[in-house]
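Number of protein chains: 2
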Amino acid sequence: MAETMKTHGAGTLRAADAGSEVRLAGWVGRRRDHGGVVFVDLRDASGVVQVVLNPEDAPASEADLRGLRNEYCISVTGTVRLRPGDMANPDLPTGEVEVVGTSMTTLSAAEPLPFQIDDRVEVDEAKRLQYRYLDLRRPAMQDNVRARSQTIRAMRTVMDDLGFMEIETPTLIASTPEGARDMLVPSRLRKGTFYALPQSPQLFKQMLMIAGVERYYQVARCYRDEDMRADRQLEFTQLDFEGSFWGQEDVLATLEEIATRVTRDLRGVDLDRPFPRLTWHEAMERYGTDKPDIRFGMEIADLSPVFAETGFNAFAGVLASGGSIRGINAGGLGLSRSGLDGLSARAQELGAKGLVWIIAEEDGTFRSPVAKFLNDAELPGIASTLKAAPGDTLLIVADETRTALEVLGQIRLEIGQPDGHDELAYLFVVDFPVFERNEDGDFAPLHHPFTAPVDVRQMREDPGHAISKAYDLVLNGSELGSGSVRIHDPIVQAQVFETLGISDEEAERRFGWFLDALRFGTPPHAGFAIGVDRLVSILQNVPNIREVIPFPKTQSGGDPLTGSPSRVESKQLEELGIEVRAEVRAEWAADEAAGD
Amino acid sequence: MAETMKTHGAGTLRAADAGSEVRLAGWVGRRRDHGGVVFVDLRDASGVVQVVLNPEDAPASEADLRGLRNEYCISVTGTVRLRPGDMANPDLPTGEVEVVGTSMTTLSAAEPLPFQIDDRVEVDEAKRLQYRYLDLRRPAMQDNVRARSQTIRAMRTVMDDLGFMEIETPTLIASTPEGARDMLVPSRLRKGTFYALPQSPQLFKQMLMIAGVERYYQVARCYRDEDMRADRQLEFTQLDFEGSFWGQEDVLATLEEIATRVTRDLRGVDLDRPFPRLTWHEAMERYGTDKPDIRFGMEIADLSPVFAETGFNAFAGVLASGGSIRGINAGGLGLSRSGLDGLSARAQELGAKGLVWIIAEEDGTFRSPVAKFLNDAELPGIASTLKAAPGDTLLIVADETRTALEVLGQIRLEIGQPDGHDELAYLFVVDFPVFERNEDGDFAPLHHPFTAPVDVRQMREDPGHAISKAYDLVLNGSELGSGSVRIHDPIVQAQVFETLGISDEEAERRFGWFLDALRFGTPPHAGFAIGVDRLVSILQNVPNIREVIPFPKTQSGGDPLTGSPSRVESKQLEELGIEVRAEVRAEWAADEAAGD
Numbered sequence: 001m002a003e004t005m006k007t008h009g010a011g012t013l014r015a016a017d018a019g020s021e022v023r024l025a026g027w028v029g030r031r032r033d034h035g036g037v038v039f040v041d042l043r044d045a046s047g048v049v050q051v052v053l054n055p056e057d058a059p060a061s062e063a064d065l066r067g068l069r070n071e072y073c074i075s076v077t078g079t080v081r082l083r084p085g086d087m088a089n090p091d092l093p094t095g096e097v098e099v100v101g102t103s104m105t106t107l108s109a110a111e112p113l114p115f116q117i118d119d120r121v122e123v124d125e126a127k128r129l130q131y132r133y134l135d136l137r138r139p140a141m142q143d144n145v146r147a148r149s150q151t152i153r154a155m156r157t158v159m160d161d162l163g164f165m166e167i168e169t170p171t172l173i174a175s176t177p178e179g180a181r182d183m184l185v186p187s188r189l190r191k192g193t194f195y196a197l198p199q200s201p202q203l204f205k206q207m208l209m210i211a212g213v214e215r216y217y218q219v220a221r222c223y224r225d226e227d228m229r230a231d232r233q234l235e236f237t238q239l240d241f242e243g244s245f246w247g248q249e250d251v252l253a254t255l256e257e258i259a260t261r262v263t264r265d266l267r268g269v270d271l272d273r274p275f276p277r278l279t280w281h282e283a284m285e286r287y288g289t290d291k292p293d294i295r296f297g298m299e300i301a302d303l304s305p306v307f308a309e310t311g312f313n314a315f316a317g318v319l320a321s322g323g324s325i326r327g328i329n330a331g332g333l334g335l336s337r338s339g340l341d342g343l344s345a346r347a348q349e350l351g352a353k354g355l356v357w358i359i360a361e362e363d364g365t366f367r368s369p370v371a372k373f374l375n376d377a378e379l380p381g382i383a384s385t386l387k388a389a390p391g392d393t394l395l396i397v398a399d400e401t402r403t404a405l406e407v408l409g410q411i412r413l414e415i416g417q418p419d420g421h422d423e424l425a426y427l428f429v430v431d432f433p434v435f436e437r438n439e440d441g442d443f444a445p446l447h448h449p450f451t452a453p454v455d456v457r458q459m460r461e462d463p464g465h466a467i468s469k470a471y472d473l474v475l476n477g478s479e480l481g482s483g484s485v486r487i488h489d490p491i492v493q494a495q496v497f498e499t500l501g502i503s504d505e506e507a508e509r510r511f512g513w514f515l516d517a518l519r520f521g522t523p524p525h526a527g528f529a530i531g532v533d534r535l536v537s538i539l540q541n542v543p544n545i546r547e548v549i550p551f552p553k554t555q556s557g558g559d560p561l562t563g564s565p566s567r568v569e570s571k572q573l574e575e576l577g578i579e580v581r582a583e584v585r586a587e588w589a590a591d592e593a594a595g596d
Numbered sequence: 001m002a003e004t005m006k007t008h009g010a011g012t013l014r015a016a017d018a019g020s021e022v023r024l025a026g027w028v029g030r031r032r033d034h035g036g037v038v039f040v041d042l043r044d045a046s047g048v049v050q051v052v053l054n055p056e057d058a059p060a061s062e063a064d065l066r067g068l069r070n071e072y073c074i075s076v077t078g079t080v081r082l083r084p085g086d087m088a089n090p091d092l093p094t095g096e097v098e099v100v101g102t103s104m105t106t107l108s109a110a111e112p113l114p115f116q117i118d119d120r121v122e123v124d125e126a127k128r129l130q131y132r133y134l135d136l137r138r139p140a141m142q143d144n145v146r147a148r149s150q151t152i153r154a155m156r157t158v159m160d161d162l163g164f165m166e167i168e169t170p171t172l173i174a175s176t177p178e179g180a181r182d183m184l185v186p187s188r189l190r191k192g193t194f195y196a197l198p199q200s201p202q203l204f205k206q207m208l209m210i211a212g213v214e215r216y217y218q219v220a221r222c223y224r225d226e227d228m229r230a231d232r233q234l235e236f237t238q239l240d241f242e243g244s245f246w247g248q249e250d251v252l253a254t255l256e257e258i259a260t261r262v263t264r265d266l267r268g269v270d271l272d273r274p275f276p277r278l279t280w281h282e283a284m285e286r287y288g289t290d291k292p293d294i295r296f297g298m299e300i301a302d303l304s305p306v307f308a309e310t311g312f313n314a315f316a317g318v319l320a321s322g323g324s325i326r327g328i329n330a331g332g333l334g335l336s337r338s339g340l341d342g343l344s345a346r347a348q349e350l351g352a353k354g355l356v357w358i359i360a361e362e363d364g365t366f367r368s369p370v371a372k373f374l375n376d377a378e379l380p381g382i383a384s385t386l387k388a389a390p391g392d393t394l395l396i397v398a399d400e401t402r403t404a405l406e407v408l409g410q411i412r413l414e415i416g417q418p419d420g421h422d423e424l425a426y427l428f429v430v431d432f433p434v435f436e437r438n439e440d441g442d443f444a445p446l447h448h449p450f451t452a453p454v455d456v457r458q459m460r461e462d463p464g465h466a467i468s469k470a471y472d473l474v475l476n477g478s479e480l481g482s483g484s485v486r487i488h489d490p491i492v493q494a495q496v497f498e499t500l501g502i503s504d505e506e507a508e509r510r511f512g513w514f515l516d517a518l519r520f521g522t523p524p525h526a527g528f529a530i531g532v533d534r535l536v537s538i539l540q541n542v543p544n545i546r547e548v549i550p551f552p553k554t555q556s557g558g559d560p561l562t563g564s565p566s567r568v569e570s571k572q573l574e575e576l577g578i579e580v581r582a583e584v585r586a587e588w589a590a591d592e593a594a595g596d
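The listed protein sequences derive, respectively, from chains H and P.
Going by this note's numbering, the first sequence opens with residue 1, and the numbers climb by one from there.
Going by this note's numbering, the second sequence opens with residue 1, and the numbers climb by one from there.
Next comes chain H alone, as it looks inside the complex:
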């Protein structure tokens, strides 16, 4: 092999290397010129080491030495030596040594940078994305990239060890009629027709179970064409897995194994197992959400019994119409009157008719705008149910039960959720309903229509209360992923479609090939998909998933680096049998005329 360009990683040198000849290559960080001797912080993928370039040793021409600038890519040959004791830098892993350069070569010059490569410098995100190749040089971003790679590797190790095979499923698939969020790919060989990019490998992994594979996984790229406001990306990565002759407990045990391994590798922490579990119903009742953050209390309590006989018309009316009265103890908020009114406004914004606050005063009395409507039993009843201590602020919503729970759940988060993710609270939410009502009042599957109901007869007789074998993994208030035991019986599958109001003809047209497949000895099977982006962003304690995606899109789906998406020549579209609609072209023409 030719002489290697690099014998050591800059960040790997230690006192034990003193005396060694090394050849390093990397980037020029901080430079100092001490009377002609140049000190360079040489940075590479492994870290940083100090390099001393003394013109007397003639490591390079005077011009080259003087010409060194930030982020020049250089190669240095030299000798490692111990720094004098008082010059050691305890903050740097290589701080006990430095490399005395005998030869320095500039491999590539760097123009002045749009921003400094320094974690302490705040840079506008648009600029960071435009120069992502520089942004990624920052140590924090290098760490995020490494953590993501480690996470996926840890996942694969667990799956491999458990006997799962990684199998690739297609990404040019059939568009489903309900695929409103499908991204489409026009076909050139069959003009005017389209492939869809997969929202998940769901049906293909079920095919693999029918094919007798038994243990499948894939780190799969998935696509969803949704508005990206909510910290989402058009493309995202999931660890997707499925097992045959498997049930919910097998899946949850596997998830614990995965989460524990990843958390240990990234955080050096061993998680307690089993993870806590809540049924969907408990999660809604206690936290007002199906993805509770259980790092803090402030649980929702049912105050309805306290008001069973109330004379306060607002509350009595809610109870009479089937709603309920829920409250949380927000603790010692110490808010001013206007702060408290702000909470009421926020509750209304979230969809509640209002929010009642009560302050438990130090003297045992209660202060509240509604105090005068409540009797002597009610105020202490609230305080006792919510375990109020002097100084606590109690917040109450009386509304339709679901609204009361969800609004308090959200306010609970806004008041109490810890910043960042130093603490990690994984939990499972199980026993999801099979169906929820959509805006039109029709039943829609809460997970997807291939999820097995716990009790088929109950599902048909009382679909609104039917429980499914679906489960989610939640971490610090974020849903990391969801899964279920799947339907393996074509008759049950047909019954679910029937309950959803899908006719046999429609089911045949939309899912015919899948229903066919179920008819050839489908094994019982179950699985899950974990979102990698979200998991890594939480474990890395960063504010959004773009920090852990090497080349993310902006919230409007653009890439400031490469300029995608972009217009293409109409000739190219013609070959695909499509064209840009006239009104869009007219808009472009108008923009151009306007000099835009």
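Read the hints as simulated data drawn from the structure, not as lab findings.
Heads up, some of the hints might be wrong.
Since the list can't tell identical chains apart, any single copy or any two copies may satisfy a pair.
[Claimed, not checked] Think about it this way: if two alpha-carbon atoms lie no more than 27 angstroms apart in a straight line, the pair counts; the simulated BS3-like pairs of lysine-lysine are:
#, residue 1, residue 2
1, K191, K291
2, K353, K571
3, K571, K127
4, K571, K387
5, K191, K571
6, K291, K372
7, K191, K127
8, K353, K191
9, K353, K127
10, K372, K353
11, K291, K127
12, K571, K291
13, K387, K372
14, K387, K353
15, K387, K127
16, K372, K127
17, K291, K387
Given the coordinates of chain H, assemble chain P onto it according to the supplied hints.
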């Protein structure tokens, strides 16, 4: 955990398990009814074991036992016992034992199958793809799926061990103006604009090098919209890797490591290293192709010197016009006159003006239609150059040198290439030209325009003979992949564009963001991409890559299982700002009117 549905894999049971209670689950293969006792070959992902179901043990109702059909999915509880010595089946890993069922449950029935799950049954490929979930149950296909998974895992192990990080690059990228083979994805948020699916992660991996990552790899899905006649797929998988402060030797050593590991895991064979190398020029001269199959000789020889003074006008004319005369010794073909004429016709079909055959007779004379034009020195000269033995057939093409080489190279393959891939001959082809002439006579990059030339000055002065730092990995006459040392100097990159006739303005428009990136301290870097589909298909010794892709497309890009690609509602297209062109819709209408 709940009681597991399965304690053992059917194929894992051995004599040592005799006496064990087991719970199995799998599919019903062959069944035999011996006087009421039912023998079932139970198959699961691990293999097959014989299960004995005796109605006297009442493992299931009589109806269930009698009702068992091929591919029913069943669960069996029972006891492993040794088969009587004369009943053992040495062809089966589990052949010494059988499981006596004490309980049998049908988990899923199977309708009559469209074809039998049996490697020995030939099934039409269209039907296999339509019922891929059944086709994949065949042991040979299970083995292909497993081999593919093992291959990718072995690749990852090597890359991980060498300190490479797996990093995901985007798959919704910028469409390049020359991206005639780009697949496009319309954007909903920016109507009328398009993403492209990547043909490779090339530019993003170079960005990662600029970002200081140093060691990147990815098992990447790539897309190329080409006619699929040549055993290709619209989407394919590559092991893509790149290293900074790296050169050609680093890449080739890494490739040897990968190929050796994969070959050992799949074939149990240890490859000799280093792999043979040919320069591109040698490969063309000796094999008439840049991807030679070196498992057999039949090398091309230059016969031009033999004919330096020839009186045979056809040959003299070729030499005078700068062409050459090349030949191969095809060995003892024993072809009839019409067989030999067939070879001439084939050579013409391949683009040669003709092909001359010469038979070396047992008596030392030569038989050939052109014998009478050749003098007493020429025939022995040919025979000596081609090392002809009595009975050998010698084939000669006189033409432009490139044509002569390519035609003989192809005929060599058609005559001599071994069937299948029992023997494996890896080699590297190095020192590719920087440019080739396209149909218009302009220079086009032979690899891609980011490939480093060996000598920049020579490239500018004599581009037609310039050599690049590009290299291919070849196995048994198939190119497994290619790579190069990349240009890391923006000035050199600009010079390559200039030689290609790309103006500064055009370079800026097409690659501006990339040229910008090169200006911030780009490290020297090099890399490679290996096609996974081709490699696995050769190692598995199957005739085409569809055999090693779980869910491939047909040659016209369709999926008979799910019906993709398909028409989508115009409302959905409207949201994307596009529509199907009027002439395509008119064709559809005409087809429908014609009852198609």
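Against the structure, the hints come out as follows:
1. K191 / K291: For K191 and K291, the Cα distance exceeds 27 angstroms both inside one copy (44 angstroms) and across copies (34 angstroms).
2. K353 / K571: The answer is neither: 57 angstroms in one copy and 38 angstroms across copies each exceed 27 angstroms.
3. K571 / K127: neither (33 angstroms within a copy, 36 angstroms between copies)
4. K571 / K387: For K571 and K387, neither the intra-copy (71 angstroms) nor the inter-copy (55 angstroms) Cα distance is at most 27 angstroms.
5. K191 / K571: Answer is both; intra-copy 14 angstroms and inter-copy 18 angstroms each pass.
6. K291 / K372: Close neither inside one copy (37 angstroms) nor across copies (91 angstroms); limit 27 angstroms.
7. K191 / K127: Between copies only: 24 angstroms across, 39 angstroms inside.
8. K353 / K191: Neither, since 54 angstroms and 39 angstroms both go past 27 angstroms.
9. K353 / K127: neither (43 angstroms within a copy, 61 angstroms between copies)
10. K372 / K353: within (20 angstroms within a copy, 108 angstroms between copies)
11. K291 / K127: Neither: 34 angstroms inside a chain and 45 angstroms across chains, both beyond 27 angstroms.
12. K571 / K291: So K571 and K291 fail the 27 angstroms test inside a copy (49 angstroms) and across (34 angstroms) alike.
13. K387 / K372: within (21 angstroms within a copy, 115 angstroms between copies)
14. K387 / K353: Only inside one copy: K387 and K353 sit 25 angstroms apart there, 99 angstroms across copies, limit 27 angstroms.
15. K387 / K127: neither (50 angstroms within a copy, 68 angstroms between copies)
16. K372 / K127: neither (57 angstroms within a copy, 78 angstroms between copies)
17. K291 / K387: within (24 angstroms within a copy, 79 angstroms between copies)
Going through the hint list in order, the structure does not satisfy hints 1, 2, 3, 4, 6, 8, 9, 11, 12, 15, 16.
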